[in-house]
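Which chain is which? The protein sequence lines are P and D, in order. Numbering-wise, the first sequence is residues -15 to 386 according to the working numbering. Numbering-wise, the second sequence is residues 13 to 313 according to the working numbering.
Take these hints with a grain of salt, some might be off.
Residues of chain P clear of chain D, computed beta-carbon distances all greater than 12 Å [claimed, not checked]:
1) Val(-2)
2) Leu65
3) Ala153
4) Met294
The following residues of chain P were derived to be distant from chain D, with all beta-carbon distances above 10 Å [as the list claims (entries may be wrong)]:
5) Phe23
6) Pro72
7) Gly216
8) Glu239
9) Gln257
10) Ile287
11) Glu290
Calculated cross-link-like contacts (lysine-lysine; reagent style DSSO-like; alpha-carbon spacing at most 30 Å) [unchecked claim]:
12) D/Lys139 - D/Lys28
13) P/Lys32 - P/Lys22
14) P/Lys249 - P/Lys176
15) D/Lys205 - P/Lys69
16) P/Lys113 - P/Lys74
17) P/Lys363 - D/Lys56
18) D/Lys139 - P/Lys363
19) D/Lys98 - D/Lys150
20) P/Lys69 - P/Lys113
21) D/Lys205 - P/Lys75
22) D/Lys28 - P/Lys298
23) P/Lys363 - D/Lys19
24) D/Lys19 - P/Lys191
Please keep in mind that the hints were generated in silico from the structure rather than gathered at the bench. Model, not experiment: these values are computed from the prediction. Here a beta-carbon is modelled for each residue, glycine too, at the ideal position from N, C-alpha and C.
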Amino acid sequence: MADIYLDNNATTKVDPAVVDVMIPYFLEQYGNPSSIHKFADGVARGLKQARQQVQALIGAEHDSEIIFTSCGTESNSTAILSAIKAQPNKKEIITTTVEHPAILSLCDYLEKEGYTIHRLPVDKAGRLKLDAYQRLLSDQVAIVSVMWANNETGTIFPVAEMAEMANAAGVMFHTDAVQAIGKIPMMLQDTKIDMLSLSGHKLHAPKGIGVLYLRRGTRYRPLLRGGHQERGRRAGTENTASIVGLGKACELALEHIEYENTKVKAMRDRLEQGITEAIPHCFVTGDMYNRLPNTTDIAFEYIEGESILMLLNKAGIAASSGSACTSGSLEPSHVMRAMDIPYTAAHGTIRFSFSRYNTMAEVDKVLEVMPGIVATLRKLSPYWDGNGPVANPEQAFAPTYS
Amino acid sequence: MWDYSDKVKEHFFNPKNAGAVVDANATGEVGSISCGDALRLTLKVDDESEVILEAGFQTFGCGSAIASSSVLTEIIKGMTLDEALKVTNQDIADHLEGLPPEKMHCSVMGREALQAAIANYRGEEWKDDHEEGALICKCFAIDAVMIEEMIWANKLRTVEDVTNFTKAGGGCAACHEDIEAILEKVLAEKGEKFDPNAAPVAAPEKVAAVKAPLTNLQRIKKIEEVLESLRPALMADGGDVELVEVIGNTAYVNMTGACNGCQMAAMTIAGIQQRLMEVMGEFIKVVPASEMAKLVNIEVA
Chain P
-15 MADIYLDNNA TTKVDPAVVD VMIPYFLEQY GNPSSIHKFA DGVARGLKQA
35 RQQVQALIGA EHDSEIIFTS CGTESNSTAI LSAIKAQPNK KEIITTTVEH
85 PAILSLCDYL EKEGYTIHRL PVDKAGRLKL DAYQRLLSDQ VAIVSVMWAN
135 NETGTIFPVA EMAEMANAAG VMFHTDAVQA IGKIPMMLQD TKIDMLSLSG
185 HKLHAPKGIG VLYLRRGTRY RPLLRGGHQE RGRRAGTENT ASIVGLGKAC
235 ELALEHIEYE NTKVKAMRDR LEQGITEAIP HCFVTGDMYN RLPNTTDIAF
285 EYIEGESILM LLNKAGIAAS SGSACTSGSL EPSHVMRAMD IPYTAAHGTI
335 RFSFSRYNTM AEVDKVLEVM PGIVATLRKL SPYWDGNGPV ANPEQAFAPT
385 YS
Chain D
13 MWDYSDKVKE HFFNPKNAGA VVDANATGEV GSISCGDALR LTLKVDDESE
63 VILEAGFQTF GCGSAIASSS VLTEIIKGMT LDEALKVTNQ DIADHLEGLP
113 PEKMHCSVMG REALQAAIAN YRGEEWKDDH EEGALICKCF AIDAVMIEEM
163 IWANKLRTVE DVTNFTKAGG GCAACHEDIE AILEKVLAEK GEKFDPNAAP
213 VAAPEKVAAV KAPLTNLQRI KKIEEVLESL RPALMADGGD VELVEVIGNT
263 AYVNMTGACN GCQMAAMTIA GIQQRLMEVM GEFIKVVPAS EMAKLVNIEV
313 A
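Using the sequences and the hints given, assemble the complete structure.
As structure tokens, this is what we get:
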């Protein structure tokens, strides 16, 4: 069996149909969209079509609300920095403890610059408390930035409701929807969301292309100034081939959104159920009843994630982990810590994320090898004894911490 | 995924001496569960000769933690306790044909477990002599705790000071922002303010000597010395290395014998580079001599 790719929240394969529409923009219509000659005369049309394809997927009211950027991170930075530059008197930002580093690192930096950052905590299932959020909203807040769905657990946040609350308090609302795009139906024109980030490579478009949705009328300051591209809101020559590719990918995503929520979800559910039934001492993290259809994050207790990934990789299966060791940091994933998952489990979390390219046969293959992998590593673990964890693991094995 | 050596993979996929030694008379347990590594080492020591007859490990940790544990048990079997105490974390890393800088702490954990087990056998209390922080300088594997301690101990004030005393920041310089943040924090604790333009404190004698820029001749001689010391290990695997040219801080080498065309040649070169930087205390780039032809072409063109 060919290698199995279950790391689609990290990035996805580019759809061959997307590659096909991109190629003419490398080889024929390679003119600068700003030029007036036949090498560029089809480019503006291509960009316009792509803008409309993105608009259709996210349900924006106008296609001019779509600004093409280089990636999700750029969209996130643009949104937050725009909000604070446009409203220099407001010195507070509300976000969550489980955001992507693209938001958290920027907020940490702004904190040093004197901003007050409110990071909303989550409960053990990764859910927010909206009453705590309500109390923080004030005219001091420049922007709220809350992810639509969490990249590690797939847990969905009630962003539409939170945007209404922010709007009622006169506060700008941004959502990082990088993981949610194409998996959850969206109709932004019916919400109070002011800004939204998305990234092409999470939905079968290439890497290096993103979008910032900017609701018409939202006060805005560009991150990059220069030429007139994107109506002066994001200067820099357009990445034409990738923009056209992203447009096609959005069209395909819209076509497949039902498939994602039925067939893809069925694969995820079968894998999750199979693993949790066959393997003792493992559990699903996040909000099981309110998740992306393609994501499951399972904590395997008493063993470490990178070891699991290495053995999975040997079996031809690609997934990812929230362990410290995979990233070279000293702490396991901040998302796991925010949910108060104990260290012995947080280091052993494995995320399987599906796409429409996966099959049930692949699920069966993973179910075949996973119990053996976990058993092999538990045999090496000081927390494991024969068929179960040692009694009182904390006391039975108490290493001198270094 | 990490660029692990074949040796690391070999010990990870087929660990040696996994599990506890049944009638062990020495046990060492070390680790840090927050950073995801913990190791129990059990030994059976001959009471008469103090020779380690058997060694077993149980490890909660990543690929390189398990490989470090496994190779440690192989290294120390048959050694006397006094010999075993001389095993350094670098020895463990060398037996694994190198570890990524972020993973060197796995070899440190192995050495500490060994010390703890021997202390346990001798009825002594083993105390950890260092605390580990987030890795800041990846070129020289220096962590935040080390930098903080040096700032406190030597009244350091600038990034340059930190580089002079710890080597941190002396390579690719990408960590300078992080070092500034540590300086800001520690200086604030001391009631001072970080000033990037402050005059450097006097560098310590020993490091100052290393820090004084080498002449080209000194550099070439040193590089040759280091390469000479590495050749036996390469030759053991049927390979070899020769120095072709040194231009500035770039050393051009030929990988010959089994190294030639080997998939792992790039990693071996990275290992050589790491060792050169450690010994010489300055940034050295090691490049295959084949790259030099391109350089000449560029100059000619």
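**OP:** Please name the hints from earlier in the document that this structure breaks, with their numbers sorted from lowest to highest.
**Re:** 4, 10, 11, 24
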